[in-house]
Amino acid sequence: MGPRPDGKLVPLREAISRFVPEGATVVMGTCLESLIPFAAGHEIIRQRRRDLTLVGPISDVLFDQLIGAGCVARVVAAWVGNVSAGLGHAYRRATEHGIPRPVEVVDTSNFAVALALMAGALGVPYLPTRSLLGSDVPRHAEAFRFSEDPWSGEPLLLVRAIQPDVAILAVQRSDPDGNAHLWGNLGVTEEAALASRHVVLLAEEVVDPEVIRSDPNRVLLPGFKVSAVVHCPGGCHPSPVPGYYRRDHAFYEEYHRATRTEEGFREWLRTWVLEVPDRQAYLERLGPRWEALRRLQPAPAAPVDYAW
Amino acid sequence: MGPRPDGKLVPLREAISRFVPEGATVVMGTCLESLIPFAAGHEIIRQRRRDLTLVGPISDVLFDQLIGAGCVARVVAAWVGNVSAGLGHAYRRATEHGIPRPVEVVDTSNFAVALALMAGALGVPYLPTRSLLGSDVPRHAEAFRFSEDPWSGEPLLLVRAIQPDVAILAVQRSDPDGNAHLWGNLGVTEEAALASRHVVLLAEEVVDPEVIRSDPNRVLLPGFKVSAVVHCPGGCHPSPVPGYYRRDHAFYEEYHRATRTEEGFREWLRTWVLEVPDRQAYLERLGPRWEALRRLQPAPAAPVDYAW
Amino acid sequence: MVTDVADWTVGELMVVAASREIRDGEVVFVGMRLPLLAYCVAKRLHAPRSVGVFENGIVRDVPTPQLLYTMSDTPNVVGAVWCTRMANVMGLLQRGDVDVGFIGGAQVDRFGNVNSSYVGDPHRPQVKLPGSGGAADIASLAKRLVVILPHGRHRLVERVDFRTSPGYGDGPGWRQRVGLPRGGPSAVITDRAVFRFDPQTCEAVLHHWHPGQSLQDVLENTGWPVRVADGASPTPEPSEEELGVLREYDPEGVWTGNRNRSDRP
Amino acid sequence: MVTDVADWTVGELMVVAASREIRDGEVVFVGMRLPLLAYCVAKRLHAPRSVGVFENGIVRDVPTPQLLYTMSDTPNVVGAVWCTRMANVMGLLQRGDVDVGFIGGAQVDRFGNVNSSYVGDPHRPQVKLPGSGGAADIASLAKRLVVILPHGRHRLVERVDFRTSPGYGDGPGWRQRVGLPRGGPSAVITDRAVFRFDPQTCEAVLHHWHPGQSLQDVLENTGWPVRVADGASPTPEPSEEELGVLREYDPEGVWTGNRNRSDRP
Numbered sequence: 012m013g014p015r016p017d018g019k020l021v022p023l024r025e026a027i028s029r030f031v032p033e034g035a036t037v038v039m040g041t042c043l044e045s046l047i048p049f050a051a052g053h054e055i056i057r058q059r060r061r062d063l064t065l066v067g068p069i070s071d072v073l074f075d076q077l078i079g080a081g082c083v084a085r086v087v088a089a090w091v092g093n094v095s096a097g098l099g100h101a102y103r104r105a106t107e108h109g110i111p112r113p114v115e116v117v118d119t120s121n122f123a124v125a126l127a128l129m130a131g132a133l134g135v136p137y138l139p140t141r142s143l144l145g146s147d148v149p150r151h152a153e154a155f156r157f158s159e160d161p162w163s164g165e166p167l168l169l170v171r172a173i174q175p176d177v178a179i180l181a182v183q184r185s186d187p188d189g190n191a192h193l194w195g196n197l198g199v200t201e202e203a204a205l206a207s208r209h210v211v212l213l214a215e216e217v218v219d220p221e222v223i224r225s226d227p228n229r230v231l232l233p234g235f236k237v238s239a240v241v242h243c244p245g246g247c248h249p250s251p252v253p254g255y256y257r258r259d260h261a262f263y264e265e266y267h268r269a270t271r272t273e274e275g276f277r278e279w280l281r282t283w284v285l286e287v288p289d290r291q292a293y294l295e296r297l298g299p300r301w302e303a304l305r306r307l308q309p310a311p312a313a314p315v316d317y318a319w
Numbered sequence: 012m013g014p015r016p017d018g019k020l021v022p023l024r025e026a027i028s029r030f031v032p033e034g035a036t037v038v039m040g041t042c043l044e045s046l047i048p049f050a051a052g053h054e055i056i057r058q059r060r061r062d063l064t065l066v067g068p069i070s071d072v073l074f075d076q077l078i079g080a081g082c083v084a085r086v087v088a089a090w091v092g093n094v095s096a097g098l099g100h101a102y103r104r105a106t107e108h109g110i111p112r113p114v115e116v117v118d119t120s121n122f123a124v125a126l127a128l129m130a131g132a133l134g135v136p137y138l139p140t141r142s143l144l145g146s147d148v149p150r151h152a153e154a155f156r157f158s159e160d161p162w163s164g165e166p167l168l169l170v171r172a173i174q175p176d177v178a179i180l181a182v183q184r185s186d187p188d189g190n191a192h193l194w195g196n197l198g199v200t201e202e203a204a205l206a207s208r209h210v211v212l213l214a215e216e217v218v219d220p221e222v223i224r225s226d227p228n229r230v231l232l233p234g235f236k237v238s239a240v241v242h243c244p245g246g247c248h249p250s251p252v253p254g255y256y257r258r259d260h261a262f263y264e265e266y267h268r269a270t271r272t273e274e275g276f277r278e279w280l281r282t283w284v285l286e287v288p289d290r291q292a293y294l295e296r297l298g299p300r301w302e303a304l305r306r307l308q309p310a311p312a313a314p315v316d317y318a319w
Numbered sequence: 010m011v012t013d014v015a016d017w018t019v020g021e022l023m024v025v026a027a028s029r030e031i032r033d034g035e036v037v038f039v040g041m042r043l044p045l046l047a048y049c050v051a052k053r054l055h056a057p058r059s060v061g062v063f064e065n066g067i068v069r070d071v072p073t074p075q076l077l078y079t080m081s082d083t084p085n086v087v088g089a090v091w092c093t094r095m096a097n098v099m100g101l102l103q104r105g106d107v108d109v110g111f112i113g114g115a116q117v118d119r120f121g122n123v124n125s126s127y128v129g130d131p132h133r134p135q136v137k138l139p140g141s142g143g144a145a146d147i148a149s150l151a152k153r154l155v156v157i158l159p160h161g162r163h164r165l166v167e168r169v170d171f172r173t174s175p176g177y178g179d180g181p182g183w184r185q186r187v188g189l190p191r192g193g194p195s196a197v198i199t200d201r202a203v204f205r206f207d208p209q210t211c212e213a214v215l216h217h218w219h220p221g222q223s224l225q226d227v228l229e230n231t232g233w234p235v236r237v238a239d240g241a242s243p244t245p246e247p248s249e250e251e252l253g254v255l256r257e258y259d260p261e262g263v264w265t266g267n268r269n270r271s272d273r274p
Numbered sequence: 010m011v012t013d014v015a016d017w018t019v020g021e022l023m024v025v026a027a028s029r030e031i032r033d034g035e036v037v038f039v040g041m042r043l044p045l046l047a048y049c050v051a052k053r054l055h056a057p058r059s060v061g062v063f064e065n066g067i068v069r070d071v072p073t074p075q076l077l078y079t080m081s082d083t084p085n086v087v088g089a090v091w092c093t094r095m096a097n098v099m100g101l102l103q104r105g106d107v108d109v110g111f112i113g114g115a116q117v118d119r120f121g122n123v124n125s126s127y128v129g130d131p132h133r134p135q136v137k138l139p140g141s142g143g144a145a146d147i148a149s150l151a152k153r154l155v156v157i158l159p160h161g162r163h164r165l166v167e168r169v170d171f172r173t174s175p176g177y178g179d180g181p182g183w184r185q186r187v188g189l190p191r192g193g194p195s196a197v198i199t200d201r202a203v204f205r206f207d208p209q210t211c212e213a214v215l216h217h218w219h220p221g222q223s224l225q226d227v228l229e230n231t232g233w234p235v236r237v238a239d240g241a242s243p244t245p246e247p248s249e250e251e252l253g254v255l256r257e258y259d260p261e262g263v264w265t266g267n268r269n270r271s272d273r274p
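If you're matching them up, the sequences are chains A, B, C and D in order. Quick note: the first sequence uses our numbering, first residue 12, plus one each step. Quick note: the second sequence uses our numbering, first residue 12, plus one each step. Quick note: the third sequence uses our numbering, first residue 10, plus one each step. Quick note: the fourth sequence uses our numbering, first residue 10, plus one each step.
The shape of chain A in the complex, shown without the other chains:
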């Protein structure tokens, strides 16, 4: 199904160029370690976007890459690093030494990120929690306030809403209008999608609207909330997509080793981001290893009928 002139189905380059302006607040990596839209992050790097605020629970190495490439002014995340391999070297260089530029870190927790986005999705200024009471994490007054339950007087923490400029989210399949099916662990994806001003979807497959409509309970959010749909198979490598490909654990190890030094990071970036024009070229560079990640054991869902 090709792009329509007036439609939302656009190439990744155009989606990033239109919906990720300089200084934007961008939420990504919302499923945690799966369905991370690495292809979008790489395109942001290639387009040299600057002063971004990144929002996410954890991002595995996506945020590390954007920070190392100098795109980021601020991070609102519960955890930044390399989940299976260890610390994020680029993140450390930026936060400890300002290389390639200083990055402000707003400490938070996974639950607080979920609540901030849920507040944004619900259109309320904050949501209350009992988490993080007594923790040093909620020290930014623009993100957290201490309060109490007006009925019992018990302490509560208020987590301020976040409404990102754009959510970049990966899904298994979408129709050209952005009605999309997502399955597997959802993390904060639904909240991020509903909270954001724009939603850019990276879809492994673009399918007919009838496929999506046949199972409306599996839809992530309605198409009218989606600004762009990008057909981007393999767009999440090295992270996994249930039903499509496995996680490339070794790739994270290799990244960890390669980016220990600033020079190593720049070399890695050249090889995997700057020298590859698009995701197709990236997958070709991966070679047979990409094919191997796509050899899967089937696990079909039991049939469901919406008979009426």
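Since the hints were made in silico from the structure, they are not lab data. There could be a bad hint or two in this list.
Unchecked claim - In silico negatives: residues of chain B with every beta carbon more than 10 Å from chain C:
| id | residue |
| --- | --- |
| 1 | G18 |
| 2 | G34 |
| 3 | Q58 |
| 4 | W162 |
| 5 | D176 |
| 6 | E202 |
| 7 | H209 |
| 8 | P244 |
| 9 | E265 |
| 10 | W279 |
| 11 | G298 |
| 12 | A318 |
Claimed, not checked - DMTMM-like, lysine to aspartate or glutamate: derived pairs with alpha carbons at most 20 Å apart:
| id | chain 1 | residue 1 | chain 2 | residue 2 |
| --- | --- | --- | --- | --- |
| 13 | C | K152 | C | E35 |
| 14 | D | K152 | A | E165 |
| 15 | C | K152 | C | D207 |
| 16 | C | K152 | C | E212 |
| 17 | C | K152 | C | D179 |
| 18 | C | K152 | B | E165 |
The C-beta atom is built at its ideal place from N, Cα and C for all residues, glycine as well.
Place chains B, C and D on chain A using the hints.
Quick look at chains B, C and D alone, frame taken from chain A:
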């Protein structure tokens, strides 16, 4: 699949007897007009439970029946009546004239019911909203408080959490441990399930755990939160169950006409509740009309694979 | 009781008038009965890109394959673009993603406040009505609100007995003062007339009276001294096209009054 | 660096010790790496009815078909009993539905507070660590908390540089005072020892030192004057059965140290 001696799979009679004690707070009718667990309401009436607090957004005529039967002391609901046919006569008799007993009404709205249950599910004392500001609805101080956003100073309404003693919920299929698939409009079902101390499921079908596990995104809540599973085909008539049966619109009209007088209500109750020992007998009394409601147009969901 | 004067029922006129409140591309919080039919007519004719949102958690952008008696009927699920939790669709509403919402009610007052809770003193009600449902939420949070109800002096009142769904409260500035983020009524459609709201005074002003009604009938049957808009006129009649679509969805006149039923005049 | 002294690695001993913290029927908030393996061992041996909850939104009650490198690996999705939003599983935690949670960290102090954010002054950190992830939430809200980390004087400290995950704060009554609804650490498992918390003083008390360690080694490598429990003893060794199950899940020793790898002493 028969009941196991130590299991959760029990007859409806036992589930109600164990998990709906006198004075309990019970949430039902959480999908709105579909999947209403009428069979459970009727069993509550037969077991002559008293002083219940009913919680729900709207209930179509289920709450009207329980109120008319004298089971209810208090209603926390956004709307009580007969959705397609008009007012609820039993509800009016109870609230206007105390017949058969006075019923306290806590006014609320659909969104406020959703937020109260969501607060209960999240384990926080309240959730804030911008809805109902300036409305006379939030006049019960034990359910609502006015407040403001500590960052902007803007007015907010706080909706107090509800954690019902029991949620009685209908699902299309469940395994014997209470891992269940639900599809169609969800209403406040997820919130009600997670907020409540006990969950009783009425399942159209009881299936092997493998069926449920094959599609974990469609699961309502994990089995460890479920106290009882009742195999109760047809348990929602006259309300509809997607994939299983249509709504019996005429039945609501008939109820509306029949229950206009107190005597008419008692006669209706005898015919459809007190004289039928269980759901099987009720369906037999419905006769061929029940078969007609089950002749459906198929609408299968597109296949999904969790290949790994 | 208002009687019909043409080859269409007053119910059909109301549906068509309501459908004209929906603009193309809008997100519509759809109520049951007349508003649902209004959405179907608009969707088919002048607002093909409009999207319907239902408080039970359904979002759909194609009409249902069958007439609905309730929003949770199985034909409303099939072919929907989203079946989700009520909190998600109410979140859309609260965020400001919903352009227009429709509600009914037992009373509406001069400032567009709607009562669907109690007739008489709320503490000893003469009539206990079913309650808000989602109406108070829609009235609080949609960008525009359309109220649909039968006309009468006890229904269009100076001040509602109970303000279930907030309109403009007691007048200009009230919504901002109580903290409502946006919105307010834009029209009241009855079986006699169409009112719109004066942006300065926030008062309901008569814009149209239905064919078969006189201006005088409307004024006499309204419970406050009604202001009449400059250029007020009879309500435009439904077109053949509008009636055609409407009757395709509700051929028996379940919600608009059956033209062949014995209870018609 | 602690070295192994037997036919099992210290990592394996830690996993087995952690698995013994899980009781049958419990709801376990599972962390990655060692805690995940601990859950698998417990599930197969002494806690067959336990349920694992993951912050990405997965709940499962059967072990995964493959070793996991992260909780969102595809083998963790397949066969789960629930795949949902993080908010739902965090809601379980906040409601009090989770019996025990496991977290790691860079530092733990005498009162069980854990730092995974900053080494040194948080405003000019010597090391910027990855941060809380879900650890602070688990520490705040689970009924019991088990902390797993490597041992060392700079890791087991009198007072953490930054209190990411609240333990008992500065001692008795602190959790109630700050408003935490329940919980607190029940054990700290290191590569040298196992500590438990004195219910009166809220202080970490040494209960076991691992085979190959002396009591003196542990005391010298801990950053506060350690109290030793009455009847403190060497950590019970892993059984054949425990090692068998563990090595079935992690035959290569990815998370517990490879017994055949060249980097072993």
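Any hints from earlier that this structure breaks? Give me their numbers in increasing order, please.
6
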